[in-house]
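Colleague: The primary structure of each chain is shown beneath.
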Amino acid sequence: MAGTVRLRVSPTKAPQAVRDPAWVRVLLIAITLLFLGLFLLLPLVSVFYEALRGGVRLYFASLINADAMTAVRLTLLTAGIAVPCNLVFGLAAAWALAKFEFRGKGTLITLIDLPFAVSPVVSGLVFVLLFGAGGWFGPWLTANNLHIIFAVPGVVLATMFVTFPFVARELIPLMQEQGSEEEQAALVLGAGGWKTFWHVTLPNIKWALLYGVILCNARAMGEFGAVSVVSGHIRGRTNTMPLHVEILYNEYNFQAAFAVASLLALLALVTLAAKTLVEWRVRANMGQDESAETPTPPGGGMTL
Amino acid sequence: MSIEVRNISKTFSGFAALTDVSLVVPDGELVALLGPSGSGKTTLLRIIAGLEEPDPGPDGRILFNDEDVAGRGVGQRQVGFVFQHYALFRHMSVFENIAFGLRVRPRGSRPSKAAIDAKVRELLQLIQLDNVGNRFPSQLSGGQRQRVALARALAIEPRVLLLDEPFGALDARVRQDLRQWLRRLHDEIHVTSVFVTHDQEEALEVADRVVVMNEGRIEQNGTPEEVFHHPATEFVMQFLGHVNLFRGRIEADHAVFGPWALQNTDPAKDGQEARMFVRPYDLDINTTEDGRPAVTATVTRIQAAGPTAKFELLDENSQPIRVEMPHDRFRAMNVAKGDRVFVSLKDARVYVEDYVI
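Chains as they are written, first to last, in my numbering: chain C, 1 to 304; chain G, 305 to 661.
Incorrect hints may have been included.
Claimed, not checked - If you want a taste of the chain G side facing chain C, the calculated C-beta under 7 Å gives, among others:
1. Leu-355
2. Pro-360
3. Gly-379
4. Phe-385
5. Phe-393
6. Phe-399
7. Phe-404
8. Gly-412
9. Ser-416
10. Ile-493
11. Leu-508
12. Val-639
As the list claims (entries may be wrong) - Dumping the calculated EDC-like pairs for lysine to aspartate or glutamate here, alpha-carbon to alpha-carbon at most 16 Å:
13. Lys-614(G) / Asp-594(G)
14. Lys-206(C) / Glu-177(C)
15. Lys-650(G) / Glu-620(G)
16. Lys-614(G) / Asp-588(G)
17. Lys-195(C) / Glu-333(G)
18. Lys-99(C) / Glu-356(G)
By construction, these hints were calculated from the structure, which means they are not laboratory data.
Note that the structure is a prediction, hence the values are computed from the model and not measured.
Just so it is clear, CB atoms sit at the ideal spot from N, CA and C, and this is done for glycine as well.
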């Protein structure tokens, strides 16, 4: 009985007649919680448990280790290049797709999704095929003493490829929905292209943009497959954090592996928190937008 | 500032939105572009504003006070444009929205902060929304938003004011109020204005001149009285309110439609088909024959709610006829559904087919 009472105050708007019976609701909630606990919470806890099992001192020692530090630095560098590039690309692509009509628009939208559709390993192999020693540009690169594959540029390139849809995917539906009337109004009022972008377009998309950047960053730092193929796993030189975790693990250095992994897990938690915050802001803004005309149910119509 | 459009055409991927349109809007007038959707009225407005490029042509011109503005970008034409869905900047307050056009001016020609503040306050007063400056567009009603959009357009002291279906998104009551307000506002500030509408009542009530458009061409350009009482074409006649259509032909010097014969001024067209359009209030109903030529018909429906009593009739050939009459006359006549009545003619317009059958 207690369960029924608690469920009745849940914020569901469905009238009594179309609600599922109490036992169905309890069962569904129980299954969901069990799955969340087993497959999400337990692994997360175990990462930190394993990382700290040898004590805090050993934990920090594994992190301050030179190779680990290099991996952290390389990961930050990679994200530091890939995220801004994809921010600019995502904005440009979303702008082009949302505000202009042109031939091949559908194809371009599909192409943007390509990195999501293709296995990361294949993405990495593409770059090996292009820039590797036996690849198309390989001989020319070797002749000019340029290193891409098994070097930092390869890692950055692969990461950029894998993460480029994130910002664009967030912006396209929003910008399509907003249309270009506000931009037209700004132009008529005498604002130039840059002022229109800065004062009208950007403020309207800032939350979606931030959301895309957060997701893009999380993936850039966590990418394994594509980076694994192009990096060559050179310890202290081309290992990013995920690759470093794998190496340590394969060497049975579990404690150190989990210590580095805990950093990635922390990143995930920070990302989640930031994502929630942004979603909350977007919802607040949307609520404000809608309130005057059409009241939408909470959470209804959210695309994020 | 007068506006002149000369020989402008516009094609959208094969579809001709405008075909060789020419139009003069005299200085200080309020002109309505009236037409059904797809008639090209919004395209014409956007071309005047510079939001749309006309098809390149040797004779195509857009002149503001005899000065060609075709080469000028949308930002340099100094027009005020009001969008159907307001297009207010949603993240800016009402105050910031109105100030936008002044604040984005290059440093040299930008008014001082105090001057901008004063201007915005003056405009807020003009639109009777003095105390909503700090609110955001989402916190305003539709009518308030449209007034803010108008103030924003007026802030840059436009040479011409262009309004695209300004009341299209509002409900009937607010629409009514706002269009009377727009008329009064125009009498106050006298800026040359063009507004687009598909609502004939709105056009006739508000505008100094009405330009009726259809399929990318101008059908008629005249005062509201002219287009209403002397429609130049069948389209204008049909578009400006409900009409009854009767088919007949020219016989000698008369146009004959059943029992009705009208004097024909153009006897050269003897034998040709003719069409007669009659407004519902230009027909009369009698329960008995009074000697006037009349069509007999049966009453199928009476709708007496509203400013006039409306009748739906079927004549002997099962053609529907609509008649309207004042309530006092309707009450005096005592007619009911199913009754046989005699329909006589008070006024009509006859159009002779242009082609020979």
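Colleague: Taking the hints in turn, state whether each one holds.
Modeller: Hint check:
no.: 1; hint: Leu-355; verdict: 6 Å, holds
no.: 2; hint: Pro-360; verdict: 20 Å, violated
no.: 3; hint: Gly-379; verdict: 5 Å, holds
no.: 4; hint: Phe-385; verdict: 4 Å, holds
no.: 5; hint: Phe-393; verdict: 6 Å, holds
no.: 6; hint: Phe-399; verdict: 15 Å, violated
no.: 7; hint: Phe-404; verdict: 6 Å, holds
no.: 8; hint: Gly-412; verdict: 13 Å, violated
no.: 9; hint: Ser-416; verdict: 17 Å, violated
no.: 10; hint: Ile-493; verdict: 18 Å, violated
no.: 11; hint: Leu-508; verdict: 28 Å, violated
no.: 12; hint: Val-639; verdict: 46 Å, violated
no.: 13; hint: Lys-614(G) / Asp-594(G); verdict: 22 Å, violated
no.: 14; hint: Lys-206(C) / Glu-177(C); verdict: 15 Å, holds
no.: 15; hint: Lys-650(G) / Glu-620(G); verdict: 20 Å, violated
no.: 16; hint: Lys-614(G) / Asp-588(G); verdict: 11 Å, holds
no.: 17; hint: Lys-195(C) / Glu-333(G); verdict: 33 Å, violated
no.: 18; hint: Lys-99(C) / Glu-356(G); verdict: 15 Å, holds
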